[in-house]
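> For reference, the chains in residue letters:
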Amino acid sequence: MQLCEGETGMASHHRLFHGAIAAVGVLLVAAAVGCSPRQPRNGRAANASDVTAAALQTYVAPGDLDEYYMFASGGHSGQVYVYGLPSMRHLVTIPVFTPYPGTGYGFDDDTKKMLGGLTWGDAHHPALSETKGDYDGRWLFINEMNGRVARIDLRDFKTKEIFGPAPNVSGNHGSAFVTPNTEYTMMASRFSIPLPKGTYAPIDKYATEYKGVLAAIKIDPQSGAMSMGFEILAPPFDFDLGDAGKLASDGWMFWSSYNAERATGKLEVTASQRDRDYIAAVDWRAAEKAAAAGQGDLIGGVRVLDPKKIPGLVYLMPCGKSPHGVDVTPDGKYIIGSGKLQGVTTAFNFEKVQTAIRNKDFTGDEDGIPVLRYESIKDAEIPVGLGPLHTQFGPDGYAYTSLFVDSAIAKWKIGTWEVVDKVPMSYSIGHLAAAEGDTVSPDGKYLVGLNKLSHGRHLSVGPSQPESSQLVDITGDKMKLIYDAFTEPEPHYAQIIKADKLHPIEVYPKDENHHPLAVWDLKDTGVTRNGNKVTVKMIAVRTTLTPTSFEVREGDEVTVAITNIEQTTDELHGFGLLDYNINLVIDPGETKTVTFTAKKGVFPYYCTNFCSALHQEMQGYLLVKPRGLP
Amino acid sequence: MTALARSFTFLRAPLGAVPRALLVLAGVFVIAGYVLPLWNLTMFAPQYPDGLRLDIYAHALAGGNHGQDIKEINVLNHYIGMRSLAAEDFTEFRWMPFVLGGLALIDLRAAVLGSVKELVDAFVLFAYFGVFSLWSFGYRLYLYGHTLASDAAVKVAPFTPPMFGRQQLANFEVYSYPQAGSYVLGCAMAALVLAIVIAWRQRPRVAVLVG
Numbered sequence: 008m009q010l011c012e013g014e015t016g017m018a019s020h021h022r023l024f025h026g027a028i029a030a031v032g033v034l035l036v037a038a039a040v041g042c043s044p045r046q047p048r049n050g051r052a053a054n055a056s057d058v059t060a061a062a063l064q065t066y067v068a069p070g071d072l073d074e075y076y077m078f079a080s081g082g083h084s085g086q087v088y089v090y091g092l093p094s095m096r097h098l099v100t101i102p103v104f105t106p107y108p109g110t111g112y113g114f115d116d117d118t119k120k121m122l123g124g125l126t127w128g129d130a131h132h133p134a135l136s137e138t139k140g141d142y143d144g145r146w147l148f149i150n151e152m153n154g155r156v157a158r159i160d161l162r163d164f165k166t167k168e169i170f171g172p173a174p175n176v177s178g179n180h181g182s183a184f185v186t187p188n189t190e191y192t193m194m195a196s197r198f199s200i201p202l203p204k205g206t207y208a209p210i211d212k213y214a215t216e217y218k219g220v221l222a223a224i225k226i227d228p229q230s231g232a233m234s235m236g237f238e239i240l241a242p243p244f245d246f247d248l249g250d251a252g253k254l255a256s257d258g259w260m261f262w263s264s265y266n267a268e269r270a271t272g273k274l275e276v277t278a279s280q281r282d283r284d285y286i287a288a289v290d291w292r293a294a295e296k297a298a299a300a301g302q303g304d305l306i307g308g309v310r311v312l313d314p315k316k317i318p319g320l321v322y323l324m325p326c327g328k329s330p331h332g333v334d335v336t337p338d339g340k341y342i343i344g345s346g347k348l349q350g351v352t353t354a355f356n357f358e359k360v361q362t363a364i365r366n367k368d369f370t371g372d373e374d375g376i377p378v379l380r381y382e383s384i385k386d387a388e389i390p391v392g393l394g395p396l397h398t399q400f401g402p403d404g405y406a407y408t409s410l411f412v413d414s415a416i417a418k419w420k421i422g423t424w425e426v427v428d429k430v431p432m433s434y435s436i437g438h439l440a441a442a443e444g445d446t447v448s449p450d451g452k453y454l455v456g457l458n459k460l461s462h463g464r465h466l467s468v469g470p471s472q473p474e475s476s477q478l479v480d481i482t483g484d485k486m487k488l489i490y491d492a493f494t495e496p497e498p499h500y501a502q503i504i505k506a507d508k509l510h511p512i513e514v515y516p517k518d519e520n521h522h523p524l525a526v527w528d529l530k531d532t533g534v535t536r537n538g539n540k541v542t543v544k545m546i547a548v549r550t551t552l553t554p555t556s557f558e559v560r561e562g563d564e565v566t567v568a569i570t571n572i573e574q575t576t577d578e579l580h581g582f583g584l585l586d587y588n589i590n591l592v593i594d595p596g597e598t599k600t601v602t603f604t605a606k607k608g609v610f611p612y613y614c615t616n617f618c619s620a621l622h623q624e625m626q627g628y629l630l631v632k633p634r635g636l637p
Numbered sequence: 007m008t009a010l011a012r013s014f015t016f017l018r019a020p021l022g023a024v025p026r027a028l029l030v031l032a033g034v035f036v037i038a039g040y041v042l043p044l045w046n047l048t049m050f051a052p053q054y055p056d057g058l059r060l061d062i063y064a065h066a067l068a069g070g071n072h073g074q075d076i077k078e079i080n081v082l083n084h085y086i087g088m089r090s091l092a093a094e095d096f097t098e099f100r101w102m103p104f105v106l107g108g109l110a111l112i113d114l115r116a117a118v119l120g121s122v123k124e125l126v127d128a129f130v131l132f133a134y135f136g137v138f139s140l141w142s143f144g145y146r147l148y149l150y151g152h153t154l155a156s157d158a159a160v161k162v163a164p165f166t167p168p169m170f171g172r173q174q175l176a177n178f179e180v181y182s183y184p185q186a187g188s189y190v191l192g193c194a195m196a197a198l199v200l201a202i203v204i205a206w207r208q209r210p211r212v213a214v215l216v217g
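Line by line, the protein sequences give chains A and B.
Using the numbering used here, read the first sequence as starting at 8 and increasing by one per residue.
Using the numbering used here, read the second sequence as starting at 7 and increasing by one per residue.
So that you can see chain A by itself, here it is in the shape it has in the complex:
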């Protein structure tokens, strides 16, 4: 940096004048150059990687298969997106809470009923079913803010059940975390309300009359069917994320929460006044017993346990303010929680938590729920960096914490609490997902940073920018960024499972189709009438929809049941009915129904999902006679 220096001491006036001009010149040049750099010191080079190595690692040649499935939540798109790793290719979209014409989801009678009239959901946290704390590849659960949890069967990658809206739970964010043997999938209120739903209380009574709810949804171990387990009443904190204890801490559930202030209004200020918020530690086995013994009160039709009346169910662990992730280490011994405005993440020792509970080492209580002494239960504050959000684990005792503010991932060692590496993320990483990184036996090969911003990392596509997800190789001492992918909005969390744990079917076997309206022989197709209710049994097979036309009367309630009798992989057929907003897609061996009220006129139907060379010819007519016509 040049500073102005006048030149003096020259003999002649002319030389002085020239000196003056020179000095002015120096200043003008300095001015023109300026000093603030165009790029930060580390520049973008920090996000580059060894191109050849990265290319070889991520390239999955045509015809080759990926090693892992990643199931990413679709946020407010309401869906689950499936990616293959390490290619990061988007393989398929599993529609869950939102209609999806691509697979006819939300258009046939069953899925329409399952959606329950809601056409969106804010899907956040996928939870693969577990056996002994390890992914078993059976189901994927995913929560949604309108108090629901869905179950996807990984045998056919289809949403099979949507449970809820659960009574009393309001703003189901802290969900759908499963217990180590998939006994329960959990729910928690982010937005407390007066209970039961439908009750009014003014906002200034928030601290006392609004209640949070922690809920356990029971899962049938055979069918996976969900039913209401029990609920626990909680102070009106905003419950955020959770993780079930495992191994050493099996039987416990941990939820982070913010707004210990019980504030309302401008929460970014009013709920940030205390230095600590809480992680709620819930002894869910004790709660299960209490519920089974008939304790608690019925609220909104559900057995709700009040921890004030039933001590020993819930304890509060003070945590840095506004925490997000709370993550249990693979051995279950530590609970990692971070205030997301801090520069450290805290490792709480589960054994010390138990000792503090035994010794009643409390600093106070919240509505009768004991608050444990922070100093007594923490083992370490790990200086991971700014804005620690969420932690995942590797197989070798390492943990990986996403840093929102620093826009990076920190790698640190469990036990020594030493931060050993950092890798920048582009940009503003939220959650991260390591391969099987929240199980008792993490896989450790890859980690995906689920970033909130993708600014400038892709061809511009206008203001609606995709999310960026970055693949990181975590096999070595140093983390290596190896791929940028752009994911559908908006992954809040993802889970990565070894591909060989899943064995999806590719057609529905005929023997398993027990649909009452299924027909497999063309001669069984046709129209039956019962009053004004008309049932059409239809077969879809290359390349005819049989019957090719059918006639009903105006005002009839028509149910069309279509069976795709193909047993060949990828021979899907569609049923698009024009002017009726109907589009079904029927997989091989599947039967779907759609019910509508007939309006007069002639309406073409046709196969919407390309099936063969004569796909275009696969069409027919719905003929609706006007009222009064014989």
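Worth flagging that the hints you see were computed from the coordinates, not collected in a lab.
Take the hints with a grain of salt, since some may be wrong.
Claimed, not checked - Distance condition first, Cα-Cα at most 16 angstroms in a straight line; then the derived EDC-like pairs of lysine to aspartate or glutamate:
{"#": "1", "chain 1": "A", "residue 1": "Lys273", "chain 2": "B", "residue 2": "Asp157"}
{"#": "2", "chain 1": "A", "residue 1": "Lys296", "chain 2": "A", "residue 2": "Asp141"}
{"#": "3", "chain 1": "B", "residue 1": "Lys161", "chain 2": "A", "residue 2": "Glu275"}
{"#": "4", "chain 1": "A", "residue 1": "Lys508", "chain 2": "A", "residue 2": "Asp143"}
{"#": "5", "chain 1": "A", "residue 1": "Lys485", "chain 2": "A", "residue 2": "Asp129"}
{"#": "6", "chain 1": "B", "residue 1": "Lys161", "chain 2": "A", "residue 2": "Asp282"}
{"#": "7", "chain 1": "A", "residue 1": "Lys459", "chain 2": "A", "residue 2": "Glu474"}
{"#": "8", "chain 1": "B", "residue 1": "Lys77", "chain 2": "B", "residue 2": "Glu98"}
{"#": "9", "chain 1": "A", "residue 1": "Lys296", "chain 2": "A", "residue 2": "Asp313"}
Nothing here was measured: the structure is a model prediction, and the numbers come from that model.
With chain A held as given, fit chain B onto it using these hints.
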């Protein structure tokens, strides 16, 4: 001749062509200092690879990215309870244009009236203005970093953003450097100093009696 008499003689001496030209030049530089940005603060964070830029003029604040950067800086600063940067809070923007205009006029006046004492006036006033402005700028930076709302979401220790050079503030790399406007004002200062030096060298060697 006593020293006092010599200095008196010098101050009353008429200016030569070169110092007068330098005075005119100084006036032009002062006007340019009004038009050009005086200082720039640029801050980078991983999320802001292109940086957020703030240009300070004698009469206004200008954000990079068509002004959007000021809004962005204010949004970020609100987390730590810092006051929003708002032009109306800067009284400087109201008086600086007049002061710069006045300083330019004083330079031109000295060039026309043409004795050393007008030149010295111009220099002294300009030096006073320069020192005061730098102090005022530093004090502003101090105030913004030290008046943080007590109810802010993120509590940080009070700090002073850099006035010159690079500083790491949390996840931000902050650069603060003078810009063209400051350089031309520096040139104006240099021109005045040079004018005085030349006038000194051209000073009359005999006493001029004033009647």
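> I'd like to know which numbered hints this structure contradicts. Please list them from smallest to largest.
The structure breaks hints 2, 5, 8; every other hint is satisfied.
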